[in-house]
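**Q** Listed below are the residues making up each chain.
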Amino acid sequence: MPIFDQGYQHWQGPLSGRVWRWLSIARNGVRVQRNNLVLRLFLLCAWIPALGLIGAVVLWGLVERKSEGVLAMLSWLPPDLLQDPHAYRVTVWTLAYSFFFRVELFFIMLLVAIAGPGLISQDLRFNALPLYFARPLTRLDYFVGKLGVIGTLVASIAVGPAVLAYVIGLGFCPDLNVVKDTYPVLLASVAYGLVVTLSAGTLILAMSSLTRRSLYVGIIWAGLWLISVMVGKILTEIHRDSVRREIQITEMNRWYDEHPPPPGAQLYNTPGGRYPRFQVKPGTGKIQLAGLRPEQERAGDRWYQAWIKADGQAAEKAHKEQNKAMQGDWRPMCSYTANLERIADLLLDTDSAWVNIGKSIERSRRAAFERGFGAAQLPLRRARAAEQAARAAEQAALERRFGPAPVRREAPHEFATGNERQLADEMVPQYPWWWSACVLAGLLGLSLWILTRRIKSLDRLR
Amino acid sequence: MLFALENVTKTYGRITALRQLTAAAPAGAVGLLGPNGAGKTTLIRTLLGLIAIDAGRGQVLGMDIRRRRHDIRQAVGFAPEDECLFPGVAGIEFVAYAGELCGMSRSDAMQRAHEVLNYVALGEARYRRVESYSTGMKQRLKLASAIVHDPRLLILDEPTNGMDPAGRQELLELSRDLSHNKGMSLLFSSHLLPDVEAVCDHVLVLSGGRLLAQGAIGDLKQAHERTFELRVKTDMAEFARRLTQLGCGVEPHDDLLRVSLPLGRSSDLLWQLAVSCGEQIRYLRPQRSTLEEVFLKAVETIPN
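Protein sequences appear in the order of chains A and B.
In terms of the working numbering, the first sequence is residues 1 to 462.
In terms of the working numbering, the second sequence is residues 463 to 766.
Rather than coming from a laboratory, the hints here were simulated on the basis of the structure.
Here the structure is a predicted model, which is why all the values come from computation and not from measurement.
There's no promise every hint is true.
Listed next, with one range per pair, are the computed distances between beta-carbon atoms [to be verified]:
#1 B:Pro627 - A:Gly442: 56 to 64 Å
#2 A:Trp47 - B:His653: 52 to 60 Å
#3 A:Val163 - B:Pro488: 56 to 64 Å
Glycine residues also receive a C-beta, built at the ideal position from the N, C-alpha and C atoms.
The following block holds chain B by itself, in its conformation from the complex (with noise of 0.2 Å):
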């Protein structure tokens, strides 16, 4: 288990961050999703024991997060939202620094810098001063840092935060490599689905403090029943019209029609119109949910 949280409030004055929030991961790749507001950094706060919570209990790699705090630090890497420097100096020192704070000899934290500085491609820039760094390389950087000591559990908040579309890809790739080439254990905080939805397995829901859906992606992408994407190799307009008048809801989606069946009625009635018609069906599928659905669905679910 990565982590397990059971009924975890925390309140800053009026404003309740977390509502007895009861939450398990599994060990892999998990995304936390959520708006801005959903309380995810401060359940990354709880989860280093960087905060006092108000009430409740949890776990993080089988340590308690209020009496082992420094043993989970010392097992996790943090790479933060918002823009963190160690002031006046270059990149490997940054990186060598911070693993100097995990305790290692200097030499050893030399030594891994550059290593990881070469994992996360960040080359001849690792010589000059952080301040010079544009947004993609300090992310980069991050990255570094937080692996540095080759923690059990990374965690990213937002990491693609203002990198171009290249450098996005390279640091979605380089997450998915080490939460599943290089056993070790992501928690992705982001509130863009796609990215989410490329990197992890497992995800989890917030909103408003709370957990409104955890699981599997592939399980929470369900395949709906009646609902199919299709595409025929002719007109497709007229087959859009026949499918009509036979009761069914047809939505143009791209190149495919999006057709949702009456009650009662399976995928025959498509293969049975298309013999009627004589059109070939070059494409048939049934529709899954895609992440966006799953939290747009999650998030309707919120008493107002």
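Next up, chain A with everything else stripped away, as it sits in the complex (with noise of 0.2 Å):
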């Protein structure tokens, strides 16, 4: 008989076990992203800072076996770094990484905002949901499977080139003992993949839900993503400059109270403090006070001299104050990519990556320092390593005494010199971790109570 006329044919085959039904709807729902071409040319664009990643942990391979042209090209890196490269394998590629998530941030949001709004508003708007909860389905699969479609894009464009580059820079570190030193940095890449899967994934899904067309979904959230960001870095930005200015302007106050200026010399006010009024000397070119008689120039250069020194103390104990105080800053917060970004540099360390960067450079210049002027600074020099090592003695002796210390993230704060955190304070943000992970936990939260509430069973009358 013709194939054709056979009619209806029963089926015995075999069934996949249910705890697999979402990756069903996983692979639906990725086959039907593949046919976005929009999506395929932004996939291509999001692999570029993976090359910059790779090129990266490549160099580095190339420093640590010696490479005399990477040696060159890189000269201008602490010496430190160079001379004993496997010291700072670690230190290289968590930056590394860093640097790429902090990119590829960027590229997820967009990929969401691509992929994301049709998830769940397509199937309502076609009322889908009867077809899927009709089959042996609970919603809990068919949430699940959804997600995975957000988590197998996020892992196309973050984590799998994370795990590439890993891999290849293993191929180009001359010793094994890379996959000892460095495997925290790929399962930092991975919890780090799941974080940004569950959290912008759980939220755009109930975006989703809320609407049956995606183009609203699109924009509410490119809104969420980009307002809150742009928030966060103003109230930031404004609670950091008035920080640090109020501190410049009250320690200057207080100079200014202690070493009035000469008289005849002008304090003019602006919004930044009190500033003396100068003027550039005819003749010499010399700047000097504004108001002055002749007879009292010497005076007033010992007081310029005098200020100059105490406004760069000024501004930075200000620096300092202004560090100490972003400690606990919430303003950050208001940005959503912000607190995916603090769990990243949480799960890659980046604050001891960068307190090492810190005391290369530190190292660095007191080595030139001392080449410049020696035994001027030994008794100085002296006194700070005697009370570095007053501090290490006592660590050690509490530890006897004690037991080893538990790891604690902010260890370095206590051994690191102020200029060696200064690189830190700068690149990574300082206010507790778990202030971000509260507030990604509570949109986690709201995203399955949305998801919850929308996403009913089919009870209810038509």
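Got two chains here, separate frames each, mind docking them using the hints?
**A** In structure tokens, the structure reads:
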């Protein structure tokens, strides 16, 4: 009988277990997204930062192999890094991955904006839910399947390239200890991918469940992302600037009270504090205080030099106080992506990596200073070294008595002197990581609540 | 037994969709009849375990509707009344996806999808996106997606809605073929009595959440003892006049006469009259109730 005349045939093939039904939903979702040309082009572009990451780990592998060309190219790095690159392997890899994920987070947000809005809204628009739930599926299967679409796409542009870069980096390292040294970076990358998938995925699914028009969902998502970033940045910068300025003004006002300017010198008020008025001396081109008589010039010069030094010290103190204030600043949490970045910094321990770089830079600076000023600074350096040695001995005594101290993220603060933490304070948010975790957990809870309410069973009267 | 429900009650706020419904249906082709708002869709959702009932219990294919909902849905194929689509896919992907959701592997689902689409006569259109389908094509697609995993019970909810007469006829033939020749039980829900009559052997009549009548269609369509359908050879009008004179009720119906005999008389009266008139009776048959009459009679029994 011809095949087309066979009519209906029974089927008795194998069926997969119920725990894998969500995978069918995820696979179908990815298949549908693959048909989107815009998405395919975007995925290509999203791989560009991965090339930078791969380049960074490859370069460092060549540095460890003492490749002359690479060493010459990277001669601008602190000498410590080039003399003992193995000791800085974890630091460099950590920072490379940190930068990669910061850049890639932008692409992830865009990717979610392209692929996410239609995941549930299209099902609502075309009334597909009865087709799903008339089959042996639960709501959990449906949600996890849809989340799997986001997870697959995030993995393809973030976690996948990170793992690939890791594997390539292994190949360029001269010893096998690289796995033992750097596996936390790999684990952190995978964990971060999961965090982003869970957070951004549930959020976009919740938004997608609110309307049948995916365009509105895309607009809401873009608004949440961009507006929250702008608000977070503006509030943070305003706060930082106001803290710094307040400290600087207070310090300088105290200094002015203790060291009044010579009679005749003028101080003018600005929003940033009081400043002396200067003039250029005709004939010599020298900068001096304005309003002084000729016999006051030398006193004016001495006061001016002292003012420069005090202004620098006030700026340094203001900077330190500003960094301290940032440890309790909640304003960065207004930005959704800043919260995700904070978790990335936690997982990768970026703070320690920056402190290591800071220490290396400080060592280089001290070495250069010693070469330049040698014996004149010897007593100061000896005193500082003695202080550090005393602190280390005290810590060792405590550990002998009470056991090793628990690993704390804040430990580097105790042993790193001021300048050594400068980069870490600038590059890594210092407010507690669990604040961001709470924000993300709250958003996750809200998203799950919305999803549960919106994707009800068919228990409703039509 | 296809399914059995006992004292099932389901309310939505102040509206009672099912009132202490007790019904049982044998395996085979079962029709679910009722006007709009009778509770047909609620009954179907109850059978599939899609909604939580307020009281009662039931079984579908021997499986409890409260405890084995997912097993029931694995064994049942459902084509809903509403227009329902998986967006953004072609017809073949639609049906294959439906198979994958039931646990079939991708390759099995794709092969099976082609088979069932051949069966429902959806040819090259299977490669087009489903959003471009006509209503009739969408109904066929729904049927195909409902049978892709070879269910033991197929539930069709108003499957001929919006179809042209030819398409409707084909769908009814497919439904009848599945239930009578392919060993698949069928629950056919419709408010179109001819459709149910064409496909089903057993019927449940619902209205206002209650079961009004149930049974084999042949049994429900009873033969009337004193009503006959009659045709004579020459003068139908004259024969009708003479029947009226004898106290019979006469009603023309197409090319026949519907004759209601008086109490205590049998069909012998008709033969005797024919002999006395010199007429020949060319057609004589006891009248049987149509399904419509059964339905209307059952609905009339509802208290206001």
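**Q** Evaluate each hint against the coordinates.
**A** We went through each hint and held it up to the structure:
Hint check: B:Pro627 to A:Gly442, Cβ distance near 59 Å, so the stated range 56 to 64 Å holds. A beta carbon spacing of about 57 Å between A:Trp47 and B:His653 agrees with the range 52 to 60 Å that was offered as a hint. Separation of A:Val163 from B:Pro488 is about 59 Å and conforms to the stated range, judged on CB atoms against 56 to 64 Å.
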